[in-house]
Amino acid sequence: LFQGDLGPFNPGLPVEVPVWLAINLKQRQKCRLIPPEWMDVGKLEEIRDQERKEDTFTPMPSPHYMELTKLLLNYASDNIPKADEIRTLVKDTWDTRVAKLRLSADSFVRQQEAHAKLDNLTLMEINTTGTFLTQALDHMYKLRTNLQPAQSSQSQDF
Amino acid sequence: SFLQGSKLEIPLWLAKGLRDSKRRIISVELPKIYKEAWRTVFTADATVVDLHKMGPYYYGFGSQLLNFDNPENPEIAQTILQTFISRFRRIMDDSQNAYNEDTSVLVARLDELERTLFQAGQKGLNDFHCWEKGQASQITASSLVQNYGKRKFPDVDG
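Chains W and Z supply the protein sequences, listed in that same order.
Residue 80 in UniProt numbering sits at position 80 of the first sequence, and the numbers go up by one each step.
Residue 43 in UniProt numbering sits at position 43 of the second sequence, and the numbers go up by one each step.
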């Protein structure tokens with residue numbers, strides 16, 4: 001367990017708290033949530049457009065952009081201007097990133113690379129494709145070792 | 001006992017056991033799918049081949065075949081690897097896109113190794129959707145204990 005202090009809580013004044021507490025207080029109707037500054041239509045449109053344009057992954061404003069979007073839109077959509085548009089923009093950006101990840105994976109496999117470096121991926125994206133990718137690469141590795149000529153083994157005389 | 005020069009079908013494990021580089025007890029004839037005619041088909045477009053019908057252990061069996069001294073081994077190994085590489089994309093896309101669908105058509109022509117991979121892709125997808133729907137935060141009974149019969153409380157004497 002870790003512990004710490006929060007506050008002071010003064011009526012009408014914004015205070016920073018961990019997300020779990022914010023959600024909890026919001027559910028109990030004790031507060032209003034202020035969305036992060038990136039959770040804004042203009043900013044997210046920029047990010048989406050950059051994601052679509054570039055071959056590399058855009059650095060996301062939060063490593064947990066998906067989780068935060070889901071939580072805030074589920075529990076505090078009344079505090080978020082243009083919540084529906086935000087939802088769509090984040091989903092579009094996610095879709096583009098996942099498609100890019102698959103493209104990278106295919107290219108990696110085709111060229112039989114040994115190492116890949118993908119910057120700016122978040123854990124959500126990695127976990128969605130990760131199991132498949134690691135298994136596939138394991139198999140491919142084994143098939144590649146087939147290419148080396150088999151060692152002739154000594155056989156037993158019975 | 002067998003006449004020298006006779007031709008039989010035997011299981012792979014037996015053939016491996018009889019293999020001996022010093023005394024040529026047996027030589028192995030390749031199943032047709034690993035021979036040149038079929039290899040050409042694979043090289044042209046491996047994605048259309050029904051590997052379930054032709055296998056269903058195309059990769060595994062093919063890898064084992066390489067244990068026998070066959071002059072075509074390098075070509076066989078290369079074809080098997082390239083087949084995997086070229087079919088990878090389709091398996092990844094199909095398994096990671098088909099949510100809550102009947103996937104029997106998608107897996108029909110996959111060999112067993114590919115089917116396992118397909119399942120891994122489906123798991124990533126299903127886990128993501130489970131999270132998205134908020135099911136990840138619901139507590140459910142572990143599948144390990146679901147089959148335990150409910151214990152009956154011993155009768156209490158009034």
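If you are wondering where the hints come from, they were derived from the structure by calculation, not from laboratory data.
This structure is a prediction, so every number in the text was calculated from the model and none was measured.
Backbone N, C-alpha and C fix where the C-beta goes; we use that ideal spot for every residue, glycine too.
Treat the hints with caution; some may be incorrect.
Claimed, not checked - Where chain W lies over chain Z, by a calculated footprint (3+ residues, C-beta under 8 Å):
| no. | region |
| --- | --- |
| 1 | 53 to 67 |
| 2 | 70 to 79 |
| 3 | 102 to 112 |
| 4 | 128 to 141 |
Here is what the structure says about each hint:
With 4 residues having a Cβ less than 8 Å from any Cβ of chain W, the region 53 to 67 of chain Z passes the three-residue criterion, so the hint holds. Look at the region 70 to 79 of chain Z against chain W: 4 of its residues bring a Cβ nearer than 8 Å to a Cβ of that chain, three or more, so the hint holds. Three residues within the 8 Å Cβ limit are the bar, and the region 102 to 112 of chain Z against chain W gives 0, so the coverage statement is violated. Remark: the region 128 to 141 of chain Z is confirmed as covered by chain W, as 3 of its residues place a Cβ nearer than 8 Å to a Cβ of that chain, reaching the required three.
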